[in-house]
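Using the sequences plus the hints, can you model the full thing?
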Amino acid sequence: MKKTKYDWENMSHPGITAALGLMLIKDVFHYPDPRIYWANEVTYDYTLAHPIRVDFMRFKPRNTLPSGLEQSEFLAYEVKSCKQDFESGHGLNFIADLNYVVVPPTLVGYAREHNPFGVGIYTPVTEYGRGEVLKCVKPSRRFPRERPALELLFGLTRSLGREHIKGLKDSMDVEPAMEQKELEI
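Using my numbering, the letters of the sequence shown correspond one by one to residues 1 to 185.
Calculated from the structure, these hints are not laboratory results. Check each hint, because a few of them may be wrong.
[To be verified] Using 27 angstroms as the maximum straight-line C-alpha spacing, the simulated DSSO-like pairs for lysine-lysine come out as follows:
| # | residue 1 | residue 2 |
| --- | --- | --- |
| 1 | Lys26 | Lys138 |
| 2 | Lys26 | Lys5 |
| 3 | Lys169 | Lys83 |
| 4 | Lys166 | Lys83 |
| 5 | Lys5 | Lys138 |
| 6 | Lys5 | Lys83 |
| 7 | Lys135 | Lys5 |
| 8 | Lys138 | Lys60 |
| 9 | Lys135 | Lys26 |
[What the hints assert, rightly or not] Just the calculated beta-carbon pair ranges, DEER-fashion:
| # | residue 1 | residue 2 | range |
| --- | --- | --- | --- |
| 10 | Glu113 | Ala18 | 34 to 40 angstroms |
| 11 | Pro105 | Tyr31 | 31 to 37 angstroms |
| 12 | Asp7 | Gln71 | 41 to 47 angstroms |
| 13 | Leu48 | Leu160 | 20 to 26 angstroms |
| 14 | Asn63 | Pro105 | 21 to 27 angstroms |
| 15 | Pro34 | Leu92 | 28 to 34 angstroms |
| 16 | Pro32 | Gly89 | 33 to 39 angstroms |
| 17 | Lys5 | Gly109 | 18 to 24 angstroms |
| 18 | Gly161 | Ser72 | 17 to 23 angstroms |
| 19 | Asp7 | Val137 | 18 to 24 angstroms |
We put the CB at the ideal spot given by N, CA and C, even for glycine.
Here you go:
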């Protein structure tokens, strides 16, 4: 396993955001574990004037029965790379049962002071022999869910569909051999 050590103080904000997102996927979601359901850039209220976008959303089913759906757990993760991300007011969408911010080590103290009450904190920590891994340094309190489980699952599914289509478009870099007329579409 490759040991990773980032220079958080000298990285660009997009670089920090990308590194934290990859660490979240690897260390918290344990990609490619098929039993953990998650999506990135999950959008809710997309038809309204002010849609809500959550950086990462995770679904932990209680069981595989329909009756267990509402009892399942949703976790929201907002990635913040700088103080301005907290102050802008954008991207602090905590609509899940458990809500977290993911910050670089240089921002943990600021996140503890300026984070909304009850929101947990994940940050990279150095583990012997493993390099930097993302760990929870402040647990989240359980929030009353603002939306039904079905709506949260629909947002996850829509986001996964968008990413799937994006992946298909990227893999189809050759032009189609036939026009739509020839295929009778």
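Assessment of proposed distance window 18 to 24 angstroms (beta carbons of Asp7, Val137): At 20 angstroms between Cβs, range holds.
Outcome for the supplied range 41 to 47 angstroms, where the beta carbon pair is Asp7 and Gln71: holds, 43 angstroms
Beta-carbon spacing of Gly161 to Ser72 - inside the hinted bounds 17 to 23 angstroms or not: Taking Cβ atoms as reference, Gly161 and Ser72 lie about 20 angstroms apart, which means the hint holds.
Pair hint outcome, Lys135 versus Lys26 [Cα-Cα no greater than 27 angstroms]: holds, 11 angstroms
CB-CB spacing for Leu160 and Leu48 relative to the 20 to 26 angstroms hint: holds, 21 angstroms
Beta-carbon spacing of Asn63 to Pro105 - inside the hinted bounds 21 to 27 angstroms or not: violated, 37 angstroms
Lys5 paired with Gly109, Cβ distance criterion 18 to 24 angstroms: Taking Cβ atoms as reference, Lys5 and Gly109 lie about 21 angstroms apart, which means the hint holds.
34 to 40 angstroms as the expected CB spacing between Ala18 and Glu113, which holds or is violated: violated, 25 angstroms
27 angstroms limit on alpha-carbon distance, applied to hinted pair Lys138 and Lys60: With Cα atoms ~20 angstroms apart, Lys138 and Lys60 stay inside 27 angstroms; holds.
Pair hint Lys169 and Lys83, alpha-carbon separation not exceeding 27 angstroms: Violated, at roughly 35 angstroms.
Pairwise hint evaluation, Lys5 against Lys135, where the allowed Cα distance is 27 angstroms at most: holds, 15 angstroms
Holds or violated: Lys5 to Lys138, with C-alpha atoms at most 27 angstroms apart: Given that 27 angstroms is the threshold and the Cα spacing comes to 22 angstroms, the pair holds.
Hints 3, 4, 10, 11 and 14 from the list above are not met by this structure, while the remaining hints are.
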